[in-house]
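Residues per chain, in single letters:
Number of protein chains: 2
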Amino acid sequence: MHFHHHGYVSGDPRVQPAAGVGVDRPTQLPDEVDVLIVGTGPAGMLTAAQLSQFPGITTRIVERRGGRLEIGQADGIQARSVETFQAFGFAERIIAEAYRITEMAFWKPDPRNPSNIVRAARTLDDPAGISEFPHLIVNQARVLDYFAEVMANSPARMAPDYGYEFRGLEVGEGDYPVTVTLAHTSGPDEGRERVVRAKYVVGADGARSKVRESIGCTMAGDQANHAWGVMDVLANTDFPDIRLKCAIQSHDGGSILLIPREGGHLFRMYVDLGEVAADDRGAVRKTTIEQIIAKANAIIHPFTVDVRNVAWHSVYEVGHRLTDRFDDVLPAELGTRTPRVFITGDACHTHSAKAGQGMNVSMQDGFNIGWKLGHVLEGRSPESLLSTYSAERQVIAKNLIDFDKEWSTLMAKKPEEFNSPSELEDFYVSTAEFPAGFMTQYAPSMLIGGRAHQELATGFPIGKRFKSAPVVRVCDTNPLHLGHQAAADGR
Amino acid sequence: MHFHHHGYVSGDPRVQPAAGVGVDRPTQLPDEVDVLIVGTGPAGMLTAAQLSQFPGITTRIVERRGGRLEIGQADGIQARSVETFQAFGFAERIIAEAYRITEMAFWKPDPRNPSNIVRAARTLDDPAGISEFPHLIVNQARVLDYFAEVMANSPARMAPDYGYEFRGLEVGEGDYPVTVTLAHTSGPDEGRERVVRAKYVVGADGARSKVRESIGCTMAGDQANHAWGVMDVLANTDFPDIRLKCAIQSHDGGSILLIPREGGHLFRMYVDLGEVAADDRGAVRKTTIEQIIAKANAIIHPFTVDVRNVAWHSVYEVGHRLTDRFDDVLPAELGTRTPRVFITGDACHTHSAKAGQGMNVSMQDGFNIGWKLGHVLEGRSPESLLSTYSAERQVIAKNLIDFDKEWSTLMAKKPEEFNSPSELEDFYVSTAEFPAGFMTQYAPSMLIGGRAHQELATGFPIGKRFKSAPVVRVCDTNPLHLGHQAAADGR
Numbered sequence: 001m002h003f004h005h006h007g008y009v010s011g012d013p014r015v016q017p018a019a020g021v022g023v024d025r026p027t028q029l030p031d032e033v034d035v036l037i038v039g040t041g042p043a044g045m046l047t048a049a050q051l052s053q054f055p056g057i058t059t060r061i062v063e064r065r066g067g068r069l070e071i072g073q074a075d076g077i078q079a080r081s082v083e084t085f086q087a088f089g090f091a092e093r094i095i096a097e098a099y100r101i102t103e104m105a106f107w108k109p110d111p112r113n114p115s116n117i118v119r120a121a122r123t124l125d126d127p128a129g130i131s132e133f134p135h136l137i138v139n140q141a142r143v144l145d146y147f148a149e150v151m152a153n154s155p156a157r158m159a160p161d162y163g164y165e166f167r168g169l170e171v172g173e174g175d176y177p178v179t180v181t182l183a184h185t186s187g188p189d190e191g192r193e194r195v196v197r198a199k200y201v202v203g204a205d206g207a208r209s210k211v212r213e214s215i216g217c218t219m220a221g222d223q224a225n226h227a228w229g230v231m232d233v234l235a236n237t238d239f240p241d242i243r244l245k246c247a248i249q250s251h252d253g254g255s256i257l258l259i260p261r262e263g264g265h266l267f268r269m270y271v272d273l274g275e276v277a278a279d280d281r282g283a284v285r286k287t288t289i290e291q292i293i294a295k296a297n298a299i300i301h302p303f304t305v306d307v308r309n310v311a312w313h314s315v316y317e318v319g320h321r322l323t324d325r326f327d328d329v330l331p332a333e334l335g336t337r338t339p340r341v342f343i344t345g346d347a348c349h350t351h352s353a354k355a356g357q358g359m360n361v362s363m364q365d366g367f368n369i370g371w372k373l374g375h376v377l378e379g380r381s382p383e384s385l386l387s388t389y390s391a392e393r394q395v396i397a398k399n400l401i402d403f404d405k406e407w408s409t410l411m412a413k414k415p416e417e418f419n420s421p422s423e424l425e426d427f428y429v430s431t432a433e434f435p436a437g438f439m440t441q442y443a444p445s446m447l448i449g450g451r452a453h454q455e456l457a458t459g460f461p462i463g464k465r466f467k468s469a470p471v472v473r474v475c476d477t478n479p480l481h482l483g484h485q486a487a488a489d490g491r
Numbered sequence: 001m002h003f004h005h006h007g008y009v010s011g012d013p014r015v016q017p018a019a020g021v022g023v024d025r026p027t028q029l030p031d032e033v034d035v036l037i038v039g040t041g042p043a044g045m046l047t048a049a050q051l052s053q054f055p056g057i058t059t060r061i062v063e064r065r066g067g068r069l070e071i072g073q074a075d076g077i078q079a080r081s082v083e084t085f086q087a088f089g090f091a092e093r094i095i096a097e098a099y100r101i102t103e104m105a106f107w108k109p110d111p112r113n114p115s116n117i118v119r120a121a122r123t124l125d126d127p128a129g130i131s132e133f134p135h136l137i138v139n140q141a142r143v144l145d146y147f148a149e150v151m152a153n154s155p156a157r158m159a160p161d162y163g164y165e166f167r168g169l170e171v172g173e174g175d176y177p178v179t180v181t182l183a184h185t186s187g188p189d190e191g192r193e194r195v196v197r198a199k200y201v202v203g204a205d206g207a208r209s210k211v212r213e214s215i216g217c218t219m220a221g222d223q224a225n226h227a228w229g230v231m232d233v234l235a236n237t238d239f240p241d242i243r244l245k246c247a248i249q250s251h252d253g254g255s256i257l258l259i260p261r262e263g264g265h266l267f268r269m270y271v272d273l274g275e276v277a278a279d280d281r282g283a284v285r286k287t288t289i290e291q292i293i294a295k296a297n298a299i300i301h302p303f304t305v306d307v308r309n310v311a312w313h314s315v316y317e318v319g320h321r322l323t324d325r326f327d328d329v330l331p332a333e334l335g336t337r338t339p340r341v342f343i344t345g346d347a348c349h350t351h352s353a354k355a356g357q358g359m360n361v362s363m364q365d366g367f368n369i370g371w372k373l374g375h376v377l378e379g380r381s382p383e384s385l386l387s388t389y390s391a392e393r394q395v396i397a398k399n400l401i402d403f404d405k406e407w408s409t410l411m412a413k414k415p416e417e418f419n420s421p422s423e424l425e426d427f428y429v430s431t432a433e434f435p436a437g438f439m440t441q442y443a444p445s446m447l448i449g450g451r452a453h454q455e456l457a458t459g460f461p462i463g464k465r466f467k468s469a470p471v472v473r474v475c476d477t478n479p480l481h482l483g484h485q486a487a488a489d490g491r
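Chains X and H, in that order, are what the protein sequence lines are.
Going left to right, the first sequence walks through residues 1 to 491 as the numbering used here numbers them.
Going left to right, the second sequence walks through residues 1 to 491 as the numbering used here numbers them.
FYI, nobody ran anything at the bench for these hints, they're computed from the structure.
Treat the hints with care, since some could be wrong.
With beta-carbon atoms standing in for the labels, derived distance ranges [claimed, not checked]:
1) X:A298 with H:I130: 48 to 58 angstroms
2) H:R491 with X:E275: 49 to 59 angstroms
3) X:A224 with H:D489: 20 to 30 angstroms
4) X:G264 with H:E290: 20 to 30 angstroms
5) X:A159 with H:P382: 31 to 41 angstroms
6) H:V474 with X:A224: 34 to 44 angstroms
7) X:G168 with H:D489: 21 to 31 angstroms
8) X:G264 with H:P177: 35 to 45 angstroms
9) X:D426 with H:A152: 49 to 59 angstroms
10) H:V474 with X:E423: 22 to 32 angstroms
Where a beta carbon is used, it is the ideal one built from N, C-alpha and C, also for glycine.
All chains should be built: construct the whole structure from the sequences, respecting the hints.
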């Protein structure tokens, strides 16, 4: 941290001096903006937090809700995401309030008495020490709070514009070629439309993205959905691994993914409700909390879960689906023009929650597009840089969906269907790098060099993230992490 | 952290729910309070932060200044204090913004050419690993900010009452036996007196404490003061250890204590100006910044310090002085009544800044009296507990002053006066536990058991702090520090 260039900074060094568009930032959404982000989920907020470091750029982020998210569904934070939080300056704080996953347990039917489950294995979460940061569970709402703080403390003094719904957009010509139609969602102007013109638009508006629809992307994938009953509960239980992440399989094919929650008291159970039949017509969604609890108790027999308080529960269906592209450039137009509209996160890819990947991949989408927009708008990079976003991230989403399919299928298998007794935990351990977020490797492009000379730097694969190394700084003999010296400050 | 007892806490878990006196806390200073703290330095703010965890107790802290301290002189934070910060929940953040001392260098005259200095030794700051926390340099103003945040987030929602000067007090009878006269220091009421009645008063009002005066304590110690020129500067220099803490001695007896400052750019030099003559009449205080810089350059020859910006500088005189008692109970009254008025920090002990002790010992004073007042006022402990404060802390202050005298004398010695060439660094290393804050050992009392059975727990000396141990929690396999599970929450 280098905040005393010009003498003392008496206040909080994390609060940067306001600059550029942050000096007299209009509280009302302007008619013309450089970047308009739609949606304040993890992908949108990270993009906004990154762009807030560029005080020369007018970025606004609109949200349908009237204010801050109270409770989000997502909670799995892979180590790669914590590395990203470090670059934004809040890793140590979010770690302090999160649940930390250090081991995972696998429970299966007792071979001698299959109606009982027994602990089959316990595996280290990061046996190879792939990151200096831990794997966490913390509610998505808190992740968004920290990004909001980064934005508020940034030179651009950014804050979300709540209460605007996205209706549609058109890409035309001129300095602000994207014409976006929004509508007020509340207050005296409820329903009234509002037009904002933008240089670029980022759609971070979730699985039912209207920005995606407006640029004509299609979602391809599963015909059928899979259903889960999810509950965050306080309970009395004799299940010994209740404070560990567990995959639990019973003899009749029922399965639970158990995730302890931050704070030390709540835990979450994902109870598998199976493939949703084509003629289901929403019937599965009528599964009651009592039915979910009963099913959980049947699966963990001979243990019991006596639920005393349900903090939150839901039944949801999801299929594996992926959009064909992440921007508005049609395949036929590739190379003839650069994109103006981008989609990120759930707008691009949907999958199960079982691998704890969604929020993480979404944030990395946001990181990828954020700095690129900043550098193109500042004139440091050519517009063609923006085409690398879809090229890089579409492949990652494809890999994610393939991985999640395999993991979900394995978790749904009946014991007798496994090729080996330890197939599930073997898969988990052998692929640990993927869900931890470290298998991202971009192909050669205008950003990534070819691999012709890779042998000159073995251990540093071209196109992958650098692993941070502990070093000692000569001038003050301080032990530091080399990787932590690079902040997400836009440089 | 256990903040989800009753379901989700959607917001920042560090913000506790308001309770008791914090639910409808009056913004104006009330006429009657349980505890009145005078002064918002480190001792006062720590006492207030501790008492803010007791929502059944009305504590107010008054300050002569109109608002927050902008720049404080003190900056040395020993590892023991960082342990205390951990208990208040802000260790990781203050570490992230502080300068960290990992080694200290000793520079002396080159034996072959005494007009040049050479590096004689470098020593590890904590060679024995006495604490899991580092030794820091960070401006006192930031320490106070963090305590203010703890108070604001506490159940009692405490905030300092700025703009009140202490005039005097009398201890009488009744439920609120201490009658305190304050005066407004600014605004329309400037100079107007205000009476507040309190159950207890804590004087944290510095070296010229009027609370001390009002309870008739005397300060005994040195006749003469020692003078230092201190400057926080930005400079160009070829001195190689400019980012290390250094003790620098020149051939003619001049010496510098060099302290790099947080942020990576500023450094502080304490330049020894010698014993102040009896007939000095303030002459030494007229030493100019140019004279200090010239003296610094003379001492570090053959290196130079080209000062480009002076962020802050001062000339100050200080003697080693200690008050005879830390409360209002006269020696003749001991055992006949319990104290009502306490003094803490600089009000009790003054000494040089060379050992970086002042703020630390002051904060531990505040910690000692804070929890005791809380428990007595809640009726959990007898009033006699309060007598242990003076008994415990007066000895600590005496030890501090003895240590500081020895260290200051050594640092002021001419090279030819040393008994051995490495006397200075040998002293530093052999006594490292003292300035790190770990030599505090309280004598047997109503709180501290006798040492008859010490052999049953060797390595855990009775009356000393427990060193934290790294442990693994069985239920979730998380690696934790045992000592960090105890928060400064009043329990």
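Each hint tested on the structure:
1. X:A298 with H:I130: 48 to 58 angstroms: Roughly 54 angstroms apart at Cβ, these two residues keep to the hinted range, so it holds.
2. H:R491 with X:E275: 49 to 59 angstroms: 51 angstroms, holds
3. X:A224 with H:D489: 20 to 30 angstroms: With Cβ atoms ~51 angstroms apart, the hint is violated.
4. X:G264 with H:E290: 20 to 30 angstroms: At 59 angstroms between Cβs, range violated.
5. X:A159 with H:P382: 31 to 41 angstroms: 53 angstroms, violated
6. H:V474 with X:A224: 34 to 44 angstroms: Given about 42 angstroms between the Cβ atoms, the range holds.
7. X:G168 with H:D489: 21 to 31 angstroms: 53 angstroms, violated
8. X:G264 with H:P177: 35 to 45 angstroms: 43 angstroms, holds
9. X:D426 with H:A152: 49 to 59 angstroms: Cβ of D426 of chain X to Cβ of A152 of chain H: about 51 angstroms, so the range 49 to 59 angstroms holds.
10. H:V474 with X:E423: 22 to 32 angstroms: 28 angstroms, holds
Of the hints listed earlier, those the structure fails to meet are numbers 3, 4, 5, 7, in rising order.
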